[in-house]
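Fit chains B and C to the supplied structure of chain A, relying on the hints for placement.
Residue numbers (our numbering), protein chains in the order written: chain A, 1 to 601; chain B, 1 to 252; chain C, 1 to 292.
Possibly wrong hints are sitting among the right ones.
Simulated pairs of lysine to any residue, SDA-like, Cα-Cα distance not exceeding 25 Å [to be verified]:
(1) A/K36 <-> A/D389
(2) C/K139 <-> B/V23
(3) C/K159 <-> B/E210
(4) B/K217 <-> C/D50
(5) C/K49 <-> B/V23
No lab work stands behind these hints, which were simulated from the structure alone.
Residues per chain, in single letters:
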Amino acid sequence: MTDPSTIERHSYDVLVVGAGGAGLRAAIAAHDAGAKVAIICKSLLGKAHTVMAEGGAAAAMGNVYSEDNWRVHFRDTMRGGKMLNHWRMAQLHAQEAPDRIHELEDWGALFDRTPDGLISQRDFGGHRYARLAHVGDRTGLELIRTLQQRAVALGIDVYMECTVTKLFQEGGRITGAFGYWRESGRFIVFEAPTVVLATGGIGKSYKVTSNSWEYTGDGHALALEAGASLVNMEFVQFHPTGMVWPPSVKGILVTESVRGDGGVLRNSEGRRFMFDYIPEFFKSETADNEAEADRWYDDKTNNRRPPELLPRDEVARAINAEVKAGRGSPHGGVFLDIASRRSAEYIQRRLPSMYHQFKELADVDITAEPMEVGPTCHYVMGGVAVDPDTEESTVTGLYAAGEVAGGMHGANRLGGNSLSDLLVFGRRAGIAAAAAATAAPSERVSISDDDVTAAADAALAPFERQGGENPYSVQQDLQDIMHRLVGIIRRADEMQQALSELEQLKERSAQLSVEGHRQYNPGWHLALDLHNMLRVSECIAKAALERTESRGGHTRDDYPATEDDWGTVNLHCVLDDDAVSVRRETLPEMPDELRELFEEK
Amino acid sequence: MGYDLNMKVWRGDESGGELTDYVVPVEEGEVVLDALHRLQATQAGDLAVRWNCKAGKCGSCSAEINGKPRLTCMTRLSVFEPGETVTVTPLRTFPVIRDLVTDVSYNYEKAKKVPPLSPEPRQADGTYRMQQEDVERGQEFRKCIECFLCQSVCHVIRDHEDNKEAFSGPRLFLRYAELEMHPLETKDHREAAKAEAGVGLCNITKCCTEVCPESIKITDNAIIPVKERVVDRSYDPLVWLGSKIFRRSADD
Amino acid sequence: MTTPGPEQPDPERQSGGTGTATAAAPSGPLAGGVHEPTRADIGEKTLRKDRYWVTPAITVIVLVAWLTYGVVRVFMQDYYYVDEHHYLTPFYSPCTSTGCVEEAAHFGRFTPNHALIPFAVLSLPLLLVFRLTCYYYRKAYYRSFWLSPPACAVPDGHKRYTGETRFPLILQNLHRYTFYLAAAIVLINTWDMILAFGGDEGFGIGLGNLILIFNVVMLWLYTLSCHSCRHVTGGRLRHFSRHPLRYRWWTFVSKLNTRHMLYAWMSLGTLALVDFYIMGVAAGWFDDLRFL
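Bound-form chain A, shown alone:
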C-alpha cells in the first residue's frame, strides 16, 4: 500500500500531457493567456515524435504559387480525408496555419527561403500547390526545437520522463492526473481543472511502424476511460514509404519529399506502376503518362501531377498490391528511385537526413542506387472527439490536440497537414483550457486519498505478481495480431479473430509481472503502457469491423467499394463497462459556402 500523504503533489491551471508540437504549442498559448502551466512528458524534452516529421508544415501562404489560399488548402484536406473530416476543423486549420508558421520565426525558426526571402514551400502528395514550409528534410526537428526553446524561455515547468497513468474526475469534471517518474518510480499527483492531452498516436501497436516506443495510445486510452469518445479510429495511415531493410530498421520513415522532389516508384520489372493505380476520384488532376508527369516538376500550371504524389492511402495500397503480385524488390518492398533522376548534389542538399539515414543504417547511397521501401504504420487519423473551436472533449476540462485528437483529417491525412495541425489546434486548446481554468477559479475540488491510493495500487500491480507473463512477449504478440489481422487490408473474419485474440491478450496482460525495482525499469513501464495499447487496439478493430466499406486509411477486402451512405457517418468508440462499444453518428453538415468549393469545375 502506498501512503497518499507521501506522494508529491503539484497544482496548476492547465496540465499539458505530452511535449511534442501540440503539447508545447498548447502550453505556450496557455501561458500567454495567463495560466499556470505544466508540461509532462514521457521522454526528455525535445525528443517527442514530432522530431521525426520530415517533409514540412502545410500552410497556404502562397509564397511559391500566389494562387494558393486557405480555400484551396481546405478543399485538398477534405478531399484527401475522403470528405469524412470535420469541416470546421479543416477550415480553421487551413485559415490559421500561415499565422502559426510565421510566429515560429519570431521564436527563431529558420525555414528554407525563396529567392525573394520568403519562406520556401515544397510539393507534397495531395496538395494542389507547393505549400509545405520546410527546412531540408528535418522540419519536425525545427518545429519542436523552436517551440521547446520558446517554452523554456517562458519558464514553463516541465516534468520530464514522467508518465501519466490516470485522470482524476469529480462530478464529470477533470480534477487532475496521476503519474510516475520514470527515473525513480515515485508517484506524482497533479491537481488541475483542465488537462490538455497531446500524447500523439498509437503506432507501437503495430509490428512495422515509423513510431517510437512512446506511441502507445496513452491519451486515447486516458480519454476513453475518462468518458470521452474516440472518433474515426478505424482509419490508420500506413505511410507508403518506410525502409524495409535491414530488419532492424524496418518501418523507419522515408519522407514523402523524396517523391515531391522527383523520386519515382518502380517495381522489379522497372515499371512506374503508379500509373496503373490512379483512382477515378483523382483522374482529372493526375498525369496518365510519364512525359506529362515529368514536365509537372517544372511547369505545374499546364501539367497534371505525377501519380506518385497521390494521397498516401492510394500509394500504400498500390505498393501492397505490387508486392503481393510478386513484383516486389528483394526485401519485400518496391524501388524508390531518385538517383537516376536528380543530381547527387541536389539530392544531398534537398534530402540530407535521408541520405544520412540510408548511408548509416542500410549502407545504401541514395544518390547512386534506388531505395527499397514499403508501407509502414505511421499515423492514426482517429482520436478524441473534440469541439473544433476549443478542442474540448465531451468531458469538461479535458482537451486534446494533435494526433491524439480526431476529426481533422477524416479518413486519411495529407502529408504536411500534421505539423500545421499541431500548431493550430495546440494553440486553440491552450487558449481554451487557460480560459476555462482561470474563468472559474472558485473552489477547486481536491483529489481524494482513496482515488490516489487506487491509482497507485493499479500501477504497482505488476510488482505484486510473481512468475507471470513477460510484458515484452505480450507486446510482441499484440503487434503481430494488429499487423496480420487489422493491417492495411482488412476482412471481417480476420478482424473477428483479432478481437478474440485481443481478449486473450487482455487476460494475459492482467497477469503481467516485472522483475527488478521501480527505478527506471522499462519492463514495468511497458507493462503499464500495454494496458493503453490494448484499449486502443480494441477500438481500431471494432470500428474497422463496423465500417463495411473501403475509404482512406481503411481498406476492406470484403467491401472494396466506397459507399455514399457511409460518407456521412462517423464511428465513435466509447467505454461501456470496461468494454469498447461503437456507435454511429452523423457527420456535421458543411455550410453552403464551403460546399460550393467542391462543386465548381
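For chains B and C alone, coordinates are given in the frame of chain A:
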C-alpha cells in the same frame, strides 16, 4: 545470418555497479540498440536504456561503446571485428541514474541560460525577409538533435567536474553562435558567451566535432567564430577603436 | 542491486557515496572527472581499445624534430643564401641583421649581429607566435604535449583546468594580429621567391625556384585558410546578402579553412624542405638543378 554477440553492459546505479557479461543472438544489419533491446526482452527485463526514434533523429540513446560516446541506434554491429566484445556503458560525464541512463539535466539547466531571440520587427506585410545564404549557418546548428555526445566527450567537464558551473559546453555554444549569426537578431550575445557560457574554457581540441552524429562542424563553424567575436568585442583594440570612431555596430 | 518490489527504492534515498561501499572513488591525481562519485562506477580511466595514442605521439615526434632542425638552422647563421641564383631561405627572411650578406638583405641591415639573435629576428618570433596561437596547432599541442586531453574520452592529464581564460593562455586571443603580420611576412616570402628568378646571369629557373614557389603557395594556403582570416573576411557579418563580395571571399576562405590542418603540416614540411635545399646548395653539397 545470425550470430552470437559477446557484450559487456554496465549495470548499476549511483551506489555502484559493474560490467556484466551477456551473450546476445543478433542478426545481420542490426545496431547496438537492437542487441540491447533483445537483451531487455529476453534476459534483463529491467535493463534501463533511454531511446525513442531508433533512427538517429531524436538523440536519446547516447552511451559509450568501447569507450567512445556514440548513439547506440546508429552504431552498426558490422563495424566490430567478428568475435569482438562490445562494451556499453552510460555516458561518463553525467551522474548515473541506472544502467545506461544518466541524469542529463546539466544540459537543460544550461539551456535555460541562453537568451531568447530578440528579432527585428516584421515587414509591413507581416512576414520576415531572410535570404537563404543568411539562414544557412544557423540551419547547420539547428540540425542538432541534442544527443549531448559533444557535452559528454568534452574534457572541460568530463574530466573537471568543477567546471560545470562556469561552462555550458559545445551544444550550447551552437546556440550562442546561432544567435550571433541569426539574420533577425538585434542583440549582442558576445559577453554572455564569454561570461555565462564560458567559451574561454574551450581549448578547441575538437572532440565535440569528432563525435557529432549530425556532422555539425561545431568547432570550426560555431565555437571558433564565437571566440573570434569575443575577440572583436573584448580583445581587439582596432575594432574597438573603429567602432568608437565610426560609431557603427560591428555586426551590420 | 536493491531488493525487487514496489517499496524500492526508498524515496529519501541518499545520493552520493555515503554509506555505500562501491562508490569510493580512487584517490590520487586523477580522482574526480570520470571517477566522480555520482558517475557510473567504472574502474578504467577509459575503455577505448584502439591505438588512440598514435596520433599525439606522431605529433610530438614531428614537432620536436622540426623545432630542433629549426633551432639548429636559425643559429647556424650560414648557408642561407645562394648568391648565384638569389635563393634566400625563409628562415632568414627578411635578413635584417648587420651580419647578413648584403645581397640577401632586401630591407636593409639594422638588427644587431649576435650569435643568439637570429638574422630574421623580426619575422621568426612572429611566425612562431602565429603558429603557436593557430586554432589548429592549439588542438595538436594541447592534445599531444599537454595531454589536455590526449584523445577524445581519454582523461585529461591534469587535475585542474582553466582553459584559455587566464594568463598566459588568454593570449591565444591575439591570433588575429599575428595573422595580419604573418600575412605581411608571406608577402616578403613571395617577394623573395620572385627575386630568385633573377640570378647573377639574369632570368633563370632551377629546381630551387620550383621548391620556393611550392613553399610560398603552401604558406599562402595556410595563412589564408586561418580561422581569423575567415572571420575578418566575412564570418563576422550577420547578413551575407548585404555584402555579396565579402560573402564570396568568405565562401572561398571557408573552403580553404576545411583543409587548414593539411596546409599547416604541408607548409611546415615545405619550409624545412626549401631551407634544407638552399642550405645544401649554399654549402656546396649538391648543385641546383637548372632548367633555364
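For each hint, the structure was consulted:
A distance of roughly 22 Å separates the Cα atoms of A/K36 and A/D389; the hinted pair therefore holds under the 25 Å criterion. With a C-alpha separation of about 40 Å, the suggested pairing of C/K139 with B/V23 is violated against the 25 Å cut-off. Our distance criterion of 25 Å between C-alpha atoms is met by C/K159 and B/E210, whose separation comes to about 24 Å. As the CA atoms of B/K217 and C/D50 are separated by approximately 24 Å, the hinted pair is consistent with the 25 Å bound.
The suggested pairing of C/K49 with B/V23 holds, with an alpha-carbon distance near 20 Å, which does not exceed 25 Å.
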